[in-house]
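Chains D and F, in that order, give the protein sequences. Quick note: the first sequence uses our numbering, first residue 51, plus one each step. Quick note: the second sequence uses our numbering, first residue 112, plus one each step.
Derived from the structure by calculation, the hints contain no laboratory data. Everything numeric in this text was worked out from a predicted model, so none of it was measured. Hints should not be assumed to be uniformly reliable.
DSS-like, lysine-lysine: derived pairs with alpha carbons at most 27 Å apart [unchecked claim]:
id	chain 1	residue 1	chain 2	residue 2
1	D	K333	F	K451
2	F	K451	D	K370
3	D	K270	D	K370
4	F	K622	D	K439
Selected chain D positions facing chain F (in silico; Cβ < 8 Å) [to be verified]:
id	residue
5	K84
6	L105
7	T168
8	R172
9	Y184
10	V219
11	N408
12	A443
13	E446
Even for Gly, the Cβ is constructed at its ideal location relative to N, Cα and C.
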Amino acid sequence: MRYLPLSDADRADMLAAIGAASIDDLFADLPADKRLSALPNLPLHMSEPAVARRLGALAAKNTPAGAVPFFVGAGAYKHHVPATVDHLIQRSEFLTSYTPYQPEIAQGTLQVLFEFQTQVARLTGMEVANASMYDGSTALAEAVLMAHRITRRDKAVLSGGVHPHYRGVVETVTRLSGHQVESLPPDVAGTEDILSRIDDTTSCVVVQSPSFYGQLYDLKPIADKAHAVGALLIASFTEVVSLGLIEPPGAQGADIVVGEGQSLGNPLSFGGPYVGLFATRQKYVRQMPGRLCGETVDADGRRAFVLTLSAREQHIRREKATSNICTNAGLCALAFSIHLTLLGGAGLTKLARINHANAVKLADRLAAVPGVELLNASFFNEFALRLAKDAAAVVETLAGRGILAGVPASRLEPGRPELDNVLVVASTEVNTDDDRAAFAGALREALA
Amino acid sequence: MTMNAVGRLTAPVPTEAHDVATFTGNRGLAIEEPLLFEVGRPDVSGVDFDDVDDVMPRLGGQVRMAPLDLPGLSEPETMRHYVRLSRQNYAIDLGLYPLGSCTMKHNPRLNEAMARLPGFADVHPLQPLSTVAGAVDLVAELGRWLLELTGMASVAMSPKAGAHGEMCGMAAIKAALADRGEARDVVLVPESAHGTNPATAAQLGFRVVAVPARPDGTVDPEEVRKRLTPEVAAIMLTNPNTCGLFERDIVGIAEAVHAAGAYFYADGANFNAIVGKVRPGDLGVDAMHINLHKTFSTPHGGGGPGAGPVVLSERLAPYAPVPFVRFDAEGAAEFVETRKIAGELGAKPFGRITAFHGQMGMFVRALAYMLSHGADGLRQASEDAVLAANYVKARLADVMTVAFPDRPAMHEVLFDDRFLADTGVTTLDFAKAMIDEGYHPMTMYFPLVVHGALLIEPTESESKASLDQFVDTLRHLAERAKSGDADAFRAAPRLAPRRRVDETLAARQPKLVQPV
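Isolated chain D (complex conformation) (with noise of 0.2 Å):
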């Protein structure tokens, strides 16, 4: 077996080091009546070209975004990746190292952790943020319950541009913790009133923008009312890009920003794994969860970098910590800081504005479409239609002509019939004239 060093003229020497009669020996303390002596329902090994064969079938029966016009957001983002980035991932130190709980040989890491911490700070306007969550739904979900640490109230109020998924991972996760949450009913148009829902039982309002439906939110006015009543705003976004255009959260009074960073990095991978961002005030920073990065010296006085804060941690708090979160997503983190290194404020600009006029272009295409009414007043890249028929039918029939033209809102948020005809689609750089053209033609087939 290729991955396994041992021979058997190995193994029979190492046993006999022991003092062990036969392999059997070491597994002693296995009850005998539950041993196995084999694994008859699995095949035997196989050669690399066998496994290479094997899951080459799988993957030749999915449709890979970059093969069709592709307008499927909804949380997840197709965008181009330098070729560079997968390079360095790829590095052996980076790839194959644990946690950098051993700084001094672990400097590589840490130091792509701090200005990993420090690039998110800055691109959603905060003063801290963390080494990363597991993606953005769970980062959501930690943030409401930081939230109810620091105000210690237990009612979080969502709007209802949150992504359903992110809904659906706060509630059960507020639930399980004993607390409350107040969904709104989905903002499709981005006029819900969510300020008369505060109050002064409310921990924590959450907001997110661009919503699910693409609509951007004024933060100002409901982090001044949350801020009125001693709550705090949770800011959320599922497209990181667009903090390159749009004023941060950070800037409009948020004190938690979480969000998916996965567009910056990482590819699409049906849905994982993906990396949370999670940023918020300095005076808040006892109460995060999740890893820090913190800069420090080494005993010959020389710049070095730390984790930091671990009182907060499970490892050494226990069933006191502030989250059972062990991990990060280390090399997804390092994905997003390359990226973001290779583009720049400068280069992020110029992305999100392409990704900005190319979402323009095809609403403005599409709305002409007849049979195709756009919901949204402002967007980034992204937006929500409805259409005179089905959303999910449309976009079977689609596919059906090589098209995957966008997200019908009822895969999300089934049993609502008022969401039944409306289509999420964004558009981002990779999609070209060609591609709006085939969509629209499509479509106007489709609903003719």
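Once you've looked at the hints, dock chain F against the given chain D.
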């Protein structure tokens, strides 16, 4: 014949070895790298774009006014920045990485290649299901392997990491209890457990009651029985435990837990010792997370991403979170994505714990690992891992102190610091001295049940020569410590990119970001 007698010398001239200070601070191939924020410039970009016409913005007045102070680097500068940083890291690909309970085994590159096939890496989680049939099949096939290897009834694939899996499994238990109309709120956790276990229980509103270990390092079933009150919801037990021992009374413990109306959560962090040797389902386990990044070798990546699918017993299966895979009458796999649809199918999912479907990229890698090993290779890997740990134990038993010498070790072996008594050398000093010898230290000061713990997990990826060199190195260090060389140990490491760092300073005045 003489050639160019005044030319380049082909052998070094003997010189006195000494510590060289350099102008740059670099030391040969070890090159210092400043922060991105010290070398980058805000107007520099390493990315070129296609030209796109500008449009009238539709941003609803939300145009960015705040400065975006993010320095950029050109592509060659980016390459150097990260390559130089990478060289300051230890890695499995460099050497033996004996972190107990972390399972730093070889990460096959075939798995990386498979995860990057466009049919896996470039598919969106919300594409029409008709365009991702192969992705659904892959998730289902990995699930089948996990069920076959664990002997369980059902699997929740979406947890993002081990601790996330713990939350998933314990939430299923909470939901099952609620369905029975019971509000049990106590979870039993052995003292040797990972910190995530009590943290998870507490996050779900349970009270944690500790179970002491008996002198041989395992859980005493009598101590469990004594604590099995009607308030007990579950026990969380790691097996093999964090002392590297198999909990030999596990079947009796499971029976007692079930008889008391509680559930048995197994922390699967150490499943790699017993894959193909025994099935947790046959031992009475109700829920167990599986760290794909440990047992099935998906790369640790400097701290994630992980993946922590949870296998569930028949009793807990109905409560698995959405999304999950089900099989229709023809055996075709399909996703159930919402609680509403799950409810219509008779399931009672406790909710949703992440957006989308889980760590697909890790699923591909784990399945490639399983297919490559096959049934025979997986069993051999478990045996080799256990053999390696016992070999290390046997060869060090006379110079270090094995914490629990009487039972066979499983995949890892625990030492305590009695062998360092009166030497002035601590577990920390000993571990740091390993760095100068070219090794990553073992897990230190965990588990908490012995003094100055040193937990060594060599894994099945090491050749005998590699194990021998490692053992010889530890023997040498142990003997040096005993010979009264404490100052040298306290000064270690001397040869790493950094010497010991000031953790107190980092925590007292946290500097977590670079100021603008």
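Hint by hint, work out which the structure violates, then give me just those numbers in ascending order.
1, 2, 3, 4 and 12
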